[in-house]
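Since the structure of chain A is provided, determine the placement of chain B on it from the hints.
2 protein chains.
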Amino acid sequence: MDTVKKQVFSLDSYRMECGETIPITVGFETYGELNEKKNNAVLVCHFFSATSHAAGKYSHDDADPGWWDALIGPGKAIDTDRYFVLCTDNLCNIQAKNPNVVTTGPRTVNPQTGERYGTSFPAFTYRDMAGIQRELIRSLGIEKLLAVAGPSAGGMQALNWAVHYPDMMDACVVVISGAQTPVLTSLAYLQAAIDAIILDPKWKDGTYDEGEEPEAGLHLALQLMNLAAYQYGWYESSFPRDAKRDVISPSYQKNPEFAEAFKEAVSKRMQPYDASHYVYTARAVMMHDIARGFDSLEEALGRIQARVLMIPCVSDLLFPPQYSKQAVDIINRKGGRASYYEIDSPNGHMAGVVDAHLFAEPLASFLRGKDI
Amino acid sequence: MDTVKKQVFSLDSYRMECGETIPITVGFETYGELNEKKNNAVLVCHFFSATSHAAGKYSHDDADPGWWDALIGPGKAIDTDRYFVLCTDNLCNIQAKNPNVVTTGPRTVNPQTGERYGTSFPAFTYRDMAGIQRELIRSLGIEKLLAVAGPSAGGMQALNWAVHYPDMMDACVVVISGAQTPVLTSLAYLQAAIDAIILDPKWKDGTYDEGEEPEAGLHLALQLMNLAAYQYGWYESSFPRDAKRDVISPSYQKNPEFAEAFKEAVSKRMQPYDASHYVYTARAVMMHDIARGFDSLEEALGRIQARVLMIPCVSDLLFPPQYSKQAVDIINRKGGRASYYEIDSPNGHMAGVVDAHLFAEPLASFLRGKDI
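Same order as they appear, the protein sequences are chains A and B.
In terms of this note's numbering, the first sequence opens at residue 1 and continues consecutively.
In terms of this note's numbering, the second sequence opens at residue 1 and continues consecutively.
With the rest of the complex left out, here is chain A (with noise of 0.2 angstroms):
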C-alpha cells in the first residue's frame, strides 16, 4: 500500500444534536480508489482513544501501521483493491496535540471569540459524529455507502448511521460495540474518569494552560480506561505482582512495584492526550444511547435497512456479548437482518482492536453480501 496522507474537511457551520451551531474541521484518510459509479465507499469509524489514522503508514519508516491495518488493505478483508474506505478523526479527539489529528474541541480557537472554547464548547454525540461524515461523504458525491463498520465508540457511529440514515447505506459492522453504552460502563469508567479529571486542582473548569495541565486527573482517567479495556490474565502477565519485592512499607504513599509499573505504561502513551478532549470523549460514549429521541430502543433499532454484523468479544469487560444479542434480536424481531458472530479472546475488550484476524473472515464474507 502507498503511504497515507491527512485529508481535511471543513463545515462552516455545523448545527449539533445540542442545538449548538459551529464551523468543524476534521481531518479524515482515505485508502484505495473510489471508482466511477462511486458505489465502493466504506466508511471506517475510529474508537474512543484511536485517530483517523486505520490503515497503512505516513512514512515506510513508521514503526506501526494504523488500527485496523489487519483488516484494511490489498487482499484484506476491507479489500481497498476493491473499496474505497475513508476514516475521519472525530470531533474533541483525546489525541489532540497528535500532529496527525486535526479535530475541532475545546482547545479550538472560537473564531468569534478569538479564545479557545474551552468548556464553552457544546458536547458532542456520536449522532453528530455520524452527520458530519455525511456532509464528508455527500462532499466526495457519494450517493450511499457500501458499509459503516467500527470497533467500540466506532461501532456507535456505525449504528447512528444505520438508523438516522437507513437509505444511505447497505451494511453496517458493530465491533465491540452495542446499542447503548451499559449503566456499569458509563459510570465505572467514563463518568468516573470525567470526575476525575474535574476533581484536579488544575482543571480550572477547562481553562488551564499548556504545561499547567490536569496530568494527574487525566492520567488517572488513562488508567480506568485502559484498565476496562482489557482483561484479568493480561493485567497478570504484563504487570505481574511480586510478593518477593513487595515488602509492606510503613509509608500509606509506597505504591507497589507492580502498581507503579502499570501507572509508567499509562504516562509513556500520556504525551499526546488533552484533559478537555477526553472529558468531552467520555461524555460522549456515556451518552451513546441509540434511543435517544425515538420512543423505545425497538423503534430505534427497527428503522434500521442495512444489513447488521454485531462481533462481541466473549471477555469484554465494557460491552459484553449480551448487550449484542439483544441487538440483534431486536433487529431480526422487527424485520431486520443482523448476524452476531462471537469471538473468543483473552484481550477482552481491545480483542476488536489487536484479535481482527479472529472476525477478518466472517467480515470479508458479509461486506461481499453474505449473511453471517
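No lab work stands behind these hints, which were simulated from the structure alone.
Careful: at least some of the hints might be erroneous.
[Stated by the list, open to error] In silico DSS-like cross-links for lysine-lysine, where the CA-CA straight-line distance does not exceed 25 angstroms:
| no. | chain 1 | residue 1 | chain 2 | residue 2 |
| --- | --- | --- | --- | --- |
| 1 | B | K57 | B | K5 |
| 2 | A | K334 | B | K244 |
| 3 | B | K202 | B | K244 |
| 4 | A | K202 | B | K202 |
| 5 | A | K202 | B | K254 |
| 6 | B | K5 | A | K202 |
| 7 | B | K334 | A | K263 |
| 8 | A | K204 | B | K263 |
| 9 | B | K204 | A | K263 |
| 10 | A | K325 | B | K244 |
[What the hints assert, rightly or not] Pairwise CB distance ranges (calculated):
| no. | chain 1 | residue 1 | chain 2 | residue 2 | range |
| --- | --- | --- | --- | --- | --- |
| 11 | A | S139 | B | Q326 | 55 to 61 angstroms |
| 12 | B | Q7 | A | D205 | 47 to 53 angstroms |
| 13 | A | E236 | B | D344 | 31 to 37 angstroms |
| 14 | B | K268 | A | A261 | 35 to 41 angstroms |
| 15 | A | D2 | B | K268 | 58 to 64 angstroms |
| 16 | B | D344 | A | D329 | 22 to 28 angstroms |
| 17 | A | E236 | B | A360 | 28 to 34 angstroms |
| 18 | B | P111 | A | S249 | 18 to 24 angstroms |
| 19 | A | P250 | B | E143 | 29 to 35 angstroms |
| 20 | A | D295 | B | S249 | 20 to 26 angstroms |
C-beta: ideal position from N, C-alpha, C; glycine also.
Here is chain B on its own, set in the frame of chain A:
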C-alpha cells in the same frame, strides 16, 4: 437472638508486618456461648466496607441486622446453638465515624505525640489482622478455632490465619476472595481509589480537619468500589438509562440522570466513612498476597492444615472464580484438603454477602466436618 453488644480488645503494643509497633484497640462482637472446653469458636472476618457487626441487632428496633445474619444465628449455617462466633472491627475500619465501630487508624490519637496519626499511621495488612485476632482469641483462653470464615477481605484474613497459624484452626472458609488480589482488581478499584482521594486538594496528605474533608475524592473512591461490587444487570435495573430524559445539553458538566441517581445513592452511604481509613484499607486489600514472605504461592498454600472451602460467585468482577479454582488446585496438589463451591448469582461480588442463602447448606455441612 438476644441483642448484641460491642466489646473492646486492646493490646499495649503490637508489631505490625511493616515493622512498626503501636498500641491497638479494636471492637468485637460475639454470638452464642463459648463452651467449657473452649473448642467451639468460629471467627468471622469482615469485608472492606463492613464492621464487626456480622449478626443480630443492637436493639430490637434496628432496621437491619448484621451483614451475615442470614448465616449466623440459632439453627443457621454458623449455628449459634453450637458455635461461639466472634467478629472484630479491622484496623483502619472505613466506617471510622460509625459510633458502633472501634478501630485504630489514622484518625486515632498517637499517644506519643498527642495528635492524630494521620498518614504517619503505619500501613496495615490482613496478616496483621490475623495476628491481632489471634491475640484476642488467646486472651479468651481459646487454643484452637473450629473455623475462620469471611467474604472478600474477610476471606483474606481467613487465608492468612490458615497459612500463618496452621495448627490453630480446623477449617477455613473463603468466600468471594482468593490467595492474591487480582492485578486488575488492585489497579482499577483500589489503586485508582487511593489516587482519587489523594487527587482531592482537600486531602492534604491526610491532615484535613473535620468538616474540611476530601469528600469529592472519597466519593469517587466509593463509586469505583461500588461499581465493581455488583454486575451489569444490577446497574441497569438500579439506575436505568432513560433516553427520554437524557437529552443532550450543550454543557459538558451535565451528568445524565442515571449518573446523578447513582452519585446520590453513594452520597447517602458516605456519612460514616473516613478518607484516610479508606486509603489504608484499599492499600491493605491490594497488598493481599498470601505468597509474601514465602518462596512461592505453592509454598504458602502448602502450609495450610485446615480443611478449606472456597466459594466464588460466577459473576464476580473483583475475584472471578478462576482464582479460587487455582488456589483450591494448589492446596490439593500440596496434600491439603480444599473444596470448591461456585454460586450462581447475578449480583456479582456482593453475592457473597447478599445471597448467603445460596451457600448456607454447603457451609453448614462443611463446618460439621463434611468435605463439599
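So, going through the hints one by one against the coordinates:
1. K57/B x K5/B: Given that 25 angstroms is the threshold and the Cα spacing comes to 9 angstroms, the pair holds.
2. K334/A x K244/B: Status holds; Cα separation ~21 angstroms.
3. K202/B x K244/B: Answer violated: K202/B to K244/B is near 37 angstroms, above 25 angstroms.
4. K202/A x K202/B: 14 angstroms, holds
5. K202/A x K254/B: Between K202/A and K254/B the Cα gap is close to 20 angstroms, so the pair holds against 25 angstroms.
6. K5/B x K202/A: 48 angstroms, violated
7. K334/B x K263/A: Violated, at about 36 angstroms.
8. K204/A x K263/B: Holds, because 22 angstroms separates the two Cα atoms, which is no more than 25 angstroms.
9. K204/B x K263/A: 22 angstroms, holds
10. K325/A x K244/B: 24 angstroms, holds
11. S139/A x Q326/B: 55 to 61 angstroms: The hint (55 to 61 angstroms, Cβ to Cβ) holds, given that S139/A and Q326/B are roughly 57 angstroms apart.
12. Q7/B x D205/A: 47 to 53 angstroms: 51 angstroms, holds
13. E236/A x D344/B: 31 to 37 angstroms: 25 angstroms, violated
14. K268/B x A261/A: 35 to 41 angstroms: 37 angstroms, holds
15. D2/A x K268/B: 58 to 64 angstroms: 60 angstroms, holds
16. D344/B x D329/A: 22 to 28 angstroms: Given a distance of about 23 angstroms, which is inside 22 to 28 angstroms, the answer is holds.
17. E236/A x A360/B: 28 to 34 angstroms: Between E236/A and A360/B, where Cβ atoms are some 32 angstroms apart, the hint holds.
18. P111/B x S249/A: 18 to 24 angstroms: 23 angstroms, holds
19. P250/A x E143/B: 29 to 35 angstroms: 32 angstroms, holds
20. D295/A x S249/B: 20 to 26 angstroms: For S249/B against D295/A, whose Cβ atoms are near 21 angstroms apart, the range 20 to 26 angstroms holds.
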